[in-house]
Every structure is written in structure tokens, then in C-alpha cells.
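For reference, the chains in residue letters:
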Amino acid sequence: MIYLDLVRLALPEIILVVTALTVLSIGLARKRMLGICSGMAAAGLLFASAAVLQLPPHALLFHGMIVISPLNSFFKIVCLALAFFTVILAQSKRSLPNDGEFLALILLGTVGLLLLVGSEELLMIFIGLELTGLSLYVLTAFNKADTHSAEAGLKYFLFGSMASAFTLFGLSYIYGLTGTTALGAIASKMSAGPVQPLLMAGIVMTLIGFAFKIAAAPFHLWAADAYQGAPIPAAAFIASGSKVASFFVLGKIVLVGLGPAHGSAGWHAMVGGWSPVLAALAALSIVVGNLTALAQRNVRRLLAYSAVAHAGYTLLGLVAAGREGFSATLFYTTIYAITLVGAFGVVAFVRRETGGDDLSDFAGLRNRSPLLAGCMAIFMLSLAGLPPLAGFFGKFYLFSVALHAGPNHGLLWLVALALLGSLISLYYYLIILKAIFLDESNMTGFALRPDFLQRSALTLLAASVLLLGVVPDALLQRILATLS
Amino acid sequence: MIAWTIYLALAGATLSLFLPRAFARWIALATAASGFAISVVAFFARQADFAHFTTIVHVPWVPALGMNYHLAADGISLTMALVTGLTALCAVLFSWKVESRPNEFFFWLLLVVGGSYGVFLSADLFLFFVFYELVIVPKYFLIAIWGSTNKEYGAMQLTLYSFFGGALVFIGILAAYTTAGTLDLPQLAQFQFTSQLQAWAFPVLFLGFAILAGIWPLHTWAPTGHVAAPTAGSMLLAGIVMKLGAYGALRVAMNLFPLGLQMWSKWMAVLAVIGIVYAAAVALRQNDLKFVIGYSSVSHMGFVLLGLAAANLLGVSGAVLQMFSHGVIGALLFALAGVVYHRTHTRDLNDLSTMRLGRTMPFVAFAFVVASAASMGIPGFSGFAAEITILLGAWKAFPLAVAFTGIGMVLVAAFTLRALKKAFFADDRFRSPVAVVSNEPVPFADPITFAEKLGASLLIFATLAAGLYPRLLLDRIEPAVEAMRFLKP
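Chains as they are written, first to last, in the numbering used here: chain C, 1 to 484; chain H, 1 to 489.
Calculated from the structure, these hints are not laboratory results. Heads up, a few of these hints could be off.
[What the hints assert, rightly or not] Here are some chain H residues pointing at chain C (derived, C-beta under 7 Å): (1) Val130; (2) Val137; (3) Ala144; (4) Phe163; (5) Ala167; (6) Leu174; (7) Leu284; (8) Trp395; (9) Met409.
[Said to hold, decoys possible] If you want the footprint, here are the derived chain C segments under chain H, 3+ residues with CB under 8 Å: (10) 384-391; (11) 411-420; (12) 424-430; (13) 474-480.
[To be verified] Interface residues of chain C toward chain H, partial, derived using beta-carbon atoms under 7 Å: (14) Phe399; (15) Ser400; (16) Leu403; (17) His404; (18) Leu438.
This structure is a prediction, so every number in the text was calculated from the model and none was measured. From the three backbone atoms N, C-alpha and C, an ideal C-beta is built for every residue, glycine too.
Produce the complete structure using the sequences and hints provided.
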């Protein structure tokens, strides 16, 4: 009765697929049905979350292709919640034709995320990556009338397919040398003997694919265009849900599957393995992301480069490795995703009112909408890592874990670099806040009025960023408890 | 009970943001006044244990990482809480007439105050750092929105300097945390760190704190920031924020890493003395009244650092006394400069010298004379008591430094007198390009308000009280300093 089990254990995914198809057909049948479509999509996401909660705590299907564990279920819920907020805030996007298709693609992308999160088997992970990736390529290029959107879509697709090719190639090496695609089995095969150079090549190629997904330098070149050119909900989804799932899976692959090939990234004690590779990616991302962000005048582009830098910070946890390192990475990436969904929500409103998302369009936002200004302040200051916001605790946790790893504070160089990066980043986040709170705008008597649902969604996101900063234990405890 | 200063300030900040604008300043006043009252009561409490860092609250916060919400107080923290309360109250009194966006103004102001109370009372390193960093952003907005003279530049410079200092502190804190495995300050103060670790962690941590205390050559944020800030902002910066750095250096850097302190103390003294002399010399050449006071702040904070570098009972007690004293005097000087600027719309000493402010604003002139005397270190005021204690302490450790400091003290007197004379008592009417017709100066339309008089009187009283009877403070500071482990026998 394994197929009955499949229906039972993959119920969240099935619900989402059914919802996606329904939304798609409604959207095809009647144009301009945004309200109904997004209502259905949101409901589908909620039902899927409920289904995740109904799953048994532990289950295994097809030799690890679908793994149900408290950790996986928790991050499925995180992905669903991020998609939910994306859908709610997507409502403001009036200019798109074919709302049904757009929402259906978001839902399909979410299915990909759930598969990604819920698997401990290389092939299934690759399928999840591709399902998410393909949905996101189309979403990015969705605004056909806009050349920026088309350009962003093409760049994202070309880079993305290249990276996928690398990943698949790398995975084939790993499979070829270990004879298995299940993460646990790979680890036990690897710990049996020394790591072969060919396997190292496979690992590096796999990592390249993930570095693309998380927009780590030097594989970040698509990010700026995708964040700026894509329809805003698509950009928010790329920056949040996709990122959380990618970090989650990357963490599982390197820590569970490739654990024996850890190596060391300590300053005086570099040992070959994946951790020096990740450390190099992190260092480069922090430097490149922060320095490039300094020069941006467009808020979405700025957020893209800051995302590169944040990917660098988040990698610190994986470099440190271990349960603590993984939980620090997961905590940080979750916080980051919540913050970015909210920030893109604010950007969406500003764009709807002013027609642009340059810094000058944010000028005087405080007078036009104190709520949006306040929320944006919370999001930006959390990204900058200032207390009492969640980003501060996230950084403290990440950096302390990184410094704790290995003897003699070996990762001090990386932590110092990350702190320097934070210092630089404070400047450009303050520039955004300066535009919002100090600069005068020439738009007068023109108030931004998000509807009630969106106001509550934004307030909820901002409040959770604040609360998770004051009571980080609420999330941390959950992550630590589910990490065995 | 002293913990309520934090909660009240944060609650007041939230209230003043969301209530109608007419309420904002009253809420701020009530919050600041009650905070001051609480700190006074706690300071003069008879049964209090000033010698030990006595726990007030201890609640688990993030048990997985060993973080606790742990507040404690000893004589040093209570002294700092007292000066915070006083400065906060006077800052509110002197910003009674803020018309533009008062809700936000008092929100940020009270956030600075609440964060500062938190820093002085924290006994958990993470909590300490949360409060320490909490103060950074409010300063940016206070200066950038309500400031003057190159405000956006000054605000950004100050914020980035503070954050840079914060980053260094962060590294030092992480080094201590990952080595000792605890964040609890009293426990860390017992932990024996290896001298290898102390040799690099101490200077990093100390420098991070000292940036906020205005150590030369990383002091440049201070004059620029003070000048750009609104009156209340300058008062908070001089009165409280610079003390956060000095307090952190004492409570965390020196107390955690005594061996590192021994290795680096002479370099601390060198930088402190250069700061004292250099800042005083620069102040002598400034024409903006607030720049004069800003550099004088750097010079006075140099004394604090010198006292800390001496690392003996007299030096450190004097440094804490100087923190109190400079908090009061600096706040008073900036308040008066703000009063003058508000009426005359200039702070240029050459312009002021044509106005004969001594006659039109007798009260301000009087208060400024008192503040200048205190700042110069005339006996009878707190500045004298503090600086003489520091010099006595420093004499034992670094006799040569004291000699150089003497030059600085002369320069302090010189620039203070110069500013005082030019601003209030010069009669340069006939040198002014604008012909002055009347012989009698016209009084300003905007008289000195009661709030301003009250604030100035409070600060004058404080500097006199501490100057005439320094034992009032020293009796509470010294036992706490004696309990510090870095103290040389």
C-alpha cells in the first residue's frame, strides 16, 4: 500500500498542485479575477500547512525520497507561510495580465520548495530544485510588456540552467563514486576511506549550483536584474521562500551527506574540503555584495546586492558546521526571508503609487504612510543587524557559532570580515531610511493606502521581526528541538 | 527598583510615539522625571550594597545559548544611572519647545535614555551589548532630523563610528563568550583568560569602547556630531553616550582582561594624554561655540581614559567621578549654547561678540560662567574634584603623563575663557560690519523659559554638590572600584 502512503504523506504537495490547477483554470476562464484567485491560492496554502501539521512526526518513503521529520515539517511550514505572505502582498500588483497563471506558478514553485525541503535523496532534491527554478524563471519574465522583466528572466534562466547543469554533473560524480543517492548512505560510504579528488570535484560542482541558488558571489550576477526587473511578488518569492529552502537543503547535503569531507577553513589551518570552499564563497559575497550595494540608487537592486552579502553571512553557520552551525544558519535565513517579504511588500506599495522604486521614490514616505515607513524602518534596521530586532540576534548567534568552531578562534578572519561588511551595510540601509524619514517629496496630498489585509500582513511581518528579536527563543527553541 | 528606569523609559518612548502630539512632551517629562527620581532614591538608599555588583533581576532569556536577562548594580552603575537620569530630565526640559515632529523626537530621545540605563545596569554581556547597540540608531535620527549645521553628514559619521566601535566590542565579547562559555559578567570577571587571548582581545574591546568615549585619534565623530545635534541631542551625547564607552571599557574590557590591561595601559595613557592636549589646542582655534564645547568634551573624556589607564583606586574612582562631572558640565554647556543659538540663530563667536549677550541674557551668562568655571576645574566644582583625583592616581602610575596633562589643563582654561569672553562679555559692536545704532542692547523677544532655568539650575546644583562634597559620590564609587579585580595592589 505504498501508493496510499504516498497520498497520505505527500498530501500538502497534492493540495498545492490541485489548488494551482484550479487557480489556473479560473484564471483562464475569466480575466481579472485577481481577488478570487489569490483568495483561493491563500486558502490552498493554509490547507497545505494544516496538512503538514497532520503528518506523522517520522516517516520514510521510497528509501528517503520523501522524509517526514519534525525539522522538515517545520521548514515546510516556513516555506508555506512565506508563500502565503507573498500571495497576500501580490494582490497590489494590478498591472499584470493573467493573474491566475501568476499565482499558479507561485504555487507550483512552492510545491518545488516542499519537495526540496522534504527529501534526503539527491535525485529528488534535484527535481525540487528544477521545479522551483523553472517556476521562478517564468515568474521573473512574467511581465511580458516590460523589457526589464524579460531581460531579468532570460539572465536568470541562462545562469540558472548553467548552474543546474553543474549541480547535476557534480551529483553524478558523487553518485558514481559512492554508488548511492541517499544522503545518509553517501556519508557512511565517504567515512569509510579517504576522500578521492574526483569526489572533491563533484562536491565543488554541486556547491556551485547551490551558490547560484542562494546568490553567493561570484554566482550572483543574475540577482540584481532579477530582483529589479521581476514582478515584485516574484522577486519577493525568490528572495524568501526559495532562499530558505536552498539554504536548508544545502545545509543537509553538506552536513549530512558530505559531513566526512568537511575540511577546515581556519586561518592557519586550511584543510581541503567543502568548508574552505563555502568560506571563500562567504568572504567574497560579503565583500562584493556590500561594496556593490553602496553604489545603488534603486532600492530593489540595493536589496539584491545586500542579499548577496546576507548569503555570505548565512554561509558562516554552515562553515562552522555542527548542530549549532546549522541551527544558526536556519535561524538567520528564516529571519532574513521574513524581513525581505515585508520589505518587498513595502516596495510594492511605493511602486504602485509612484511608478518606480528608486531611492527618490521613497522620499518623504513617512508623510505619505507612517505605517509603511515604520515597517520599512524595522525591516532595514533588522537587516543591518541592530537590536532589538531579529537580525541582531541572528548575527550574534551566527558569529558566535562561527567563532566557537574549531580551536583557536580559527574563523576569526571570517567573522571580522562579516562585521566589517555589517558596518558598510549600515550606511546603505540608513540611506534608505534617510530618504524615507528626512527627504521631502514633491508628492503632496497623496496618501498610500494599502487595504486592510495587506496592512495587517505587513504589521504582522514587522511585529514578528521585532518579537523574534526580543524573544528569539520562540524560534530558536523550535529549530534546536527539531535538529537531532 | 532601579530596573524600572529602563522599563519606564522604553514604555514612555512607545507611548510618546503613538499618543497625540500634545501629550508627547508631557510623557517625556513624566518619564524622565520619574527615572531621575528612581535613580536618586536608589543612589541614596542606605542599605544598598555599593561594593558588589548586586543582582536585581535574573531571568533566563535564551537558555540554549546561556543568555540571561540579568540586571545588577553597584556604586559605579548607580552613579552612572544618576547622571543619566539628571541629563535626561534636563534634556527634556531644554527641548520643551520642539515643534517639529515632537512624537518621534521624544521617542528617539527616550530610547537613548532607556538604552543607556540598560547598559549601566546589565550584568549579562549579551544584554549589555543589546542596550549598547540600541542607542546607535536613535542618535542618527535625532541628529539628522532635528539637528543643524551639516546635520546629515554629522549624523552619519557619528553612527558609523559608533557602529564600528560596536563591531570591535562585538569581536571582544564573542572572544570572551566562546572561550569562557558564559555571558554572565560576574562569572566572566572570575574567569582566568589566557594571557595570549587577553593580549589581543583587550585592545580590540577597549578600543571599541573608547571610540564612543572619544579617544584620540578616533574622536572626530564627537565634535562634528555634537555640533550637528539638536540641543537635547548634544546634551545626551556629552552627558550619557560618551559615558557608555568609558563605562564599557571599565566594566567589561578592564575587568575581564586584567592581564591585557597591564600590557596595554601605557598606550592607553599615551592616547589619553594626546587627546587631552590635542583637543584642548584645537578648541582654542574654533569659532563655533558648539565646536569649542565639543572639543572640550573630548579633552575631558581624555581625563577619564587617563584615570582608567592608571588602573589604581584613585585613578579609576576619579575617572568615574569625572564621568559624572563631565556628564553634568557638558550637558549644561551644550544646553546653554543651545539657548543662545535658539535666540540669536548664530553660534559664531565673532558674531556673538557683537551682541553683548551678558546684558541681554544675564541668567544664561551667569550659568555659563558657572559651567566654564566647573569645566576649567576651579575648586568647588565637580570638575576639580574629579580631575585632581585622576591626576593623583595617574601620578603613581605615569608621572610623565601628569606633566603633559598640565599643559592640557592650561589650554582648557584658555579656550574656555576665550569662548566665555567672546560669547558673553565682549563689546565688539564697533568692529561689527553692521552698524549698531542703539547703545542699549535690545532684549530678545523670546525670554528664557522657566523650564530652561529649572534645567540649568539642576545641573549647576549637581556640579556644585559634587564639587563641594565629592565624598557623597566617592563613598559609593570607591567600594565598587575596590571590588574590581584588575586593581593593582
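Verification of the supplied hints:
1. Val130: Status holds, d = 4 Å.
2. Val137: holds, 6 Å
3. Ala144: holds, 6 Å
4. Phe163: The hint holds - Phe163/H has a Cβ within 7 Å of chain C, the shortest such distance being about 5 Å.
5. Ala167: holds, 4 Å
6. Leu174: holds, 5 Å
7. Leu284: Constraint on Leu284/H not satisfied, violated at 33 Å.
8. Trp395: Cβ of Trp395/H sits 38 Å from chain C, so the hint is violated.
9. Met409: Check failed: Cβ of Met409/H comes no nearer than 36 Å to chain C, outside 7 Å.
10. 384-391: holds (count 3)
11. 411-420: Check passed, 5 qualifying residues.
12. 424-430: holds (count 3)
13. 474-480: This one holds; 3 residues, not fewer than the three required, reach chain H with a Cβ under 8 Å.
14. Phe399: holds, 6 Å
15. Ser400: Since chain H brings a Cβ to about 5 Å from Ser400/C, closer than 7 Å, the hint holds.
16. Leu403: holds, 5 Å
17. His404: His404/C check passes; min Cβ-Cβ to chain H is 4 Å, inside 7 Å.
18. Leu438: With Cβ-Cβ at 6 Å, under 7 Å, it holds.
Checked against the numbered hints given earlier, the structure breaks hints 7, 8, 9 and satisfies all the rest.
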